[in-house]
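Participant: This is what each chain is made of:
2 protein chains.
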Amino acid sequence: MIDAVICTIGDELLIGQVIDTNSAKLALALEEAGIHVYRMISIGDRREEIASVLTEALREHAIVITTGGLGPTKDDITKAVLCQISGSKGMVEHPGQLEQIHQFLKNRGLDALPSNLAQAQVPDQAEVIVNRLGTAPIMVFRQVQGGGTLYALPGVPHEAVGAIPDVMADIKAHQSLDSILHKNIMVYGIAESALSERIAPWEDALPADMHLAYLPNPLTGIRLRLSIYGGNAQENEKRMETQLETLKQMLGPLVYAHQDSDLQSTVGEMLKKTGKTLSAAESCTGGEIAHLITSVPGSSAYFLGSVTSYAVAVKETVLGVPAPTIETYGVVSSQVAAAMAEGVRKLTGSDYAVSTTGLAGPAGDERNPVGTVWIGVAGPLGTRTVSYCYKNDRKRNIERFAASALNFLRLILQEEL
Amino acid sequence: MIDAVICTIGDELLIGQVIDTNSAKLALALEEAGIHVYRMISIGDRREEIASVLTEALREHAIVITTGGLGPTKDDITKAVLCQISGSKGMVEHPGQLEQIHQFLKNRGLDALPSNLAQAQVPDQAEVIVNRLGTAPIMVFRQVQGGGTLYALPGVPHEAVGAIPDVMADIKAHQSLDSILHKNIMVYGIAESALSERIAPWEDALPADMHLAYLPNPLTGIRLRLSIYGGNAQENEKRMETQLETLKQMLGPLVYAHQDSDLQSTVGEMLKKTGKTLSAAESCTGGEIAHLITSVPGSSAYFLGSVTSYAVAVKETVLGVPAPTIETYGVVSSQVAAAMAEGVRKLTGSDYAVSTTGLAGPAGDERNPVGTVWIGVAGPLGTRTVSYCYKNDRKRNIERFAASALNFLRLILQEEL
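Line by line, the protein sequences give chains A and B. Just so we're aligned, residue 1 is where the first sequence starts under our numbering, counting upward by one. Just so we're aligned, residue 1 is where the second sequence starts under our numbering, counting upward by one.
Don't take every hint at face value.
Said to hold, decoys possible - Quick list of in silico lysine-lysine cross-link-like pairs, BS3-like style, CA-CA up to 30 Å: (1) Lys183/B x Lys172/B; (2) Lys346/B x Lys391/A; (3) Lys346/B x Lys25/A; (4) Lys183/A x Lys395/B; (5) Lys25/A x Lys25/B; (6) Lys183/B x Lys276/A; (7) Lys238/B x Lys395/A; (8) Lys273/B x Lys346/B; (9) Lys395/A x Lys106/B; (10) Lys395/A x Lys89/B; (11) Lys248/A x Lys183/A; (12) Lys346/B x Lys346/A.
What the hints assert, rightly or not - These stretches of chain A come out as covered by chain B in the derived footprint (C-beta under 8 Å, 3 or more residues): (13) 2-14; (14) 37-47; (15) 98-109; (16) 182-192; (17) 257-264; (18) 305-313; (19) 393-400.
Hints were generated in silico from the structure; no laboratory data involved. On a predicted model such as this, the values are computed, not experimentally measured, just so you know. Glycine residues also receive a C-beta, built at the ideal position from the N, C-alpha and C atoms.
Please model the entire structure based on the sequences and the hints provided.
Facilitator: Have a look at this one:
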């Protein structure tokens with residue numbers, strides 16, 4: 001098995017001002033390609049340190065991927081180090097990246113400064129993959145000092161993540177990798193430990209070349225990834241399907257997608273297919289549900305809009321929640337959730353509406369503990385509500401509330417559409 | 001200066017299943033105490049690898065902190081390695097942690113399994129800090145093999161973070177620490193390269209013991225962090241202030257905060273201080289602005305609510321944007337942005353209102369290219385609009401639109417409040 005080292009570069013990592021998300025995203029892509037990540041290292045913007053860590057890693061590992069240290073500012077000195085360790089004699093200008101820099105800045109109405117243009121300069125031993133998302137080129141150095149191949153990526157997370165497909169394609173073109181087949185099933189509404197318990201008999205009986213991974217995410221639930229390593233591709237497809245069928249049977253409505261997906265895309269597809277429309281009334285989720293729904297391209301086909309009713313007065317005047325309902329049951333109640341969903345459905349004229357009212361934190365109120373949420377879904381066949389209580393901090397509670405609301409909507413749409 | 005290495009242990013890190021947040025939180029605490037984090041390493045649950053990485057780190061660095069590998073499961077083998085490298089002759093039971101394990105499980109209604117109780121066993125060379133949040137003890141090994149001190153923390157994020165105060169207290173009691181001073185300035189509305197160019201004369205003239213770092217983020221702009229290493233604390237505070245004053249003068253209204261902050265908190269503080277309220281009308285940002293504003297604890301004091309008007313009909317019926325305005329100028333226009341802001345201000349009765357209408361992508365329309373946004377701010381002194389065009393993907397455009405809207409609001413509030 002080919003192995004890799006991921007090295008993230010930047011003082012901002014070592015003083016803890018930035019959480020390194022690049023390493024995990026790179027590791028996931030490498031692992032899915034059957035490449036073993038041996039180690040991850042974060043180092044500062046120090047010339048000798050960068051040189052010694054990279055040289056050592058390249059001596060012992062087939063692939064070394066760096067992110068960071070390539071910006072136009074003075075503290076980014078990685079490129080000089082790469083020039084040195086790759087045995088380059090100097091820097092050359094890469095026309096493709098230069099063109100991209102001009103285009104990138106022009107699109108933003110910015111002048112190309114000397115520091116921007118300098119980013120098109122690369123060590124003469126570098127092959128360049130043009131970075132379409134920024135100004136720093138992606139550089140490939142093959143067999144550095146007779147050892148592994150080095151990929152130098154920008155540190156800005158969306159640029160680093162955006163470079164992953166190109167980097168993986170290059171790796172696949174230059175390394176002979178074992179075959180590996182992955183399939184995903186998306187699950188929402190069960191804790192990882194309970195899920196593990198429920199499918200243990202099936203999981204324990206998996207053949208030796210199959211492996212199941214649990215990939216939990218607060219917004220999308222648990223991605224179950226089944227992998228088959230090596231063997232015959234066609235046969236593997238069939239064996240995979242058989243196993244996944246059994247798994248789906250065991251999990252029933254907990255499964256919301258048969259590929260890597262999320263709840264907002266799943267709900268969106270159901271609505272689009274049936275020509276139904278949706279609106280939302282949010283209190284404690286404060287716009288997160290609308291934000292998730294509209295993050296899906298094409299969501300304007302089914303999403304009409306939403307009201308974030310943070311103030312009680314807005315619940316009454318805009319959404320038409322009766323004041324006595326709020327007085328009698330409290331703002332965080334089944335009755336208010338139902339009235340909010342019905343109110344925004346009427347206001348926007350949508351087929352379905354989803355609502356949330358709850359206490360994300362830091363504090364609860366006199367009626368409900370912090371972490372309580374009531375979710376409502378109103379539709380042509382009536383209104384239903386459900387309640388959950390989570391024990392997280394504010395940010396995580398908001399995420400769980402929003403995801404749970406989308407999942408409640410998903411279950412109802414599955415039933416009614 | 002005393003330096004430290006942070007080592008996170010666990011296969012789940014190397015396959016990208018988990019994003020390592022422990023390292024950044026530890027690094028932040030170490031840096032604040034004036035301890036230089038030399039390197040962060042993530043390694044798998046492999047015995048020789050753990051032993052060699054830790055032994056090498058302890059030989060060269062005063063402090064090594066590990067997280068992970070201490071769970072009750074079979075793949076957690078860190079404790080055995082610690083026993084070996086610390087020269088312990090065997091394991092001993094720690095009564096304090098044993099008591100904590102019993103209490104912890106009892107509180108959750110769980111039986112104490114043998115694997116749980118075994119967690120109270122520690123190498124005889126370990127000093128124990130009882131972990132009040134879980135079952136795995138925090139272990140301290142001093143002068144391992146004549147070298148540095150090793151702190152072994154649990155991997156579960158809230159347990160690791162919960163251990164930080166005790167660990168820092170122990171470090172401060174045993175090391176004589178140098179001073180380090182960091183200050184941040186938050187900047188929005190300028191590209192990193194242009195900022196670098198603009199302040200180059202000042203940055204180049206910084207004394208050798210001062211260092212400036214650029215920390216860009218699409219939602220919060222650029223964090224400029226100035227650091228002074230060593231020296232006299234009081235004097236450094238003064239020198240820092242002098243430098244920051246010059247920097248602020250150079251940047252003027254681009255600066256929105258004099259400490260680590262974000263636009264939504266800055267806007268929130270301005271509103272809270274003056275007792276003014278806010279609402280939002282979002283089209284292309286689809287709830288992101290409301291989500292950002294309500295992510296600030298206590299935002300209910302000034303944020304009344306918002307309308308996400310994705311459908312044109314919702315713009316007309318809920319927000320009262322005149323149909324002829326939409327027909328004449330198009331949905332993405334200064335006039336519609338203004339009418340949306342004025343509409344939601346009237347609807348909610350807020351003092352100020354911010355609005356967005358634009359094209360996040362993937363496509364533009366017949367009048368505007370993709371990436372165009374019009375932002376409106378309505379307030380007691382009138383309504384103003386501004387337009388930007390960004391060239392990112394949908395997700396990033398939405399972020400930039402939302403951040404730009406908050407920044408436009410911030411500039412107007414600075415002027416008017």
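Participant: With reference to the structure, classify each hint as holding or not holding.
Facilitator: Do the hints match the structure? See the list:
1. Lys183/B x Lys172/B: This hinted pair holds, its Cα atoms lying about 22 Å apart.
2. Lys346/B x Lys391/A: Status violated; Cα separation ~37 Å.
3. Lys346/B x Lys25/A: Violated, at roughly 45 Å.
4. Lys183/A x Lys395/B: Holds: lysine 183/A and lysine 395/B sit about 26 Å apart, inside 30 Å.
5. Lys25/A x Lys25/B: 20 Å, holds
6. Lys183/B x Lys276/A: Answer violated: lysine 183/B to lysine 276/A is near 52 Å, above 30 Å.
7. Lys238/B x Lys395/A: 37 Å, violated
8. Lys273/B x Lys346/B: 22 Å, holds
9. Lys395/A x Lys106/B: 29 Å, holds
10. Lys395/A x Lys89/B: Judged against 30 Å, a Cα distance of about 46 Å means the pair is violated.
11. Lys248/A x Lys183/A: With Cα atoms ~13 Å apart, lysine 248/A and lysine 183/A stay inside 30 Å; holds.
12. Lys346/B x Lys346/A: The hint holds at about 20 Å.
13. 2-14: holds (count 4)
14. 37-47: holds (count 8)
15. 98-109: holds (count 4)
16. 182-192: violated (count 0)
17. 257-264: With 0 residues closer than 8 Å to chain B, the stretch 257-264 of chain A misses the three-residue bar; violated.
18. 305-313: holds (count 8)
19. 393-400: holds (count 3)
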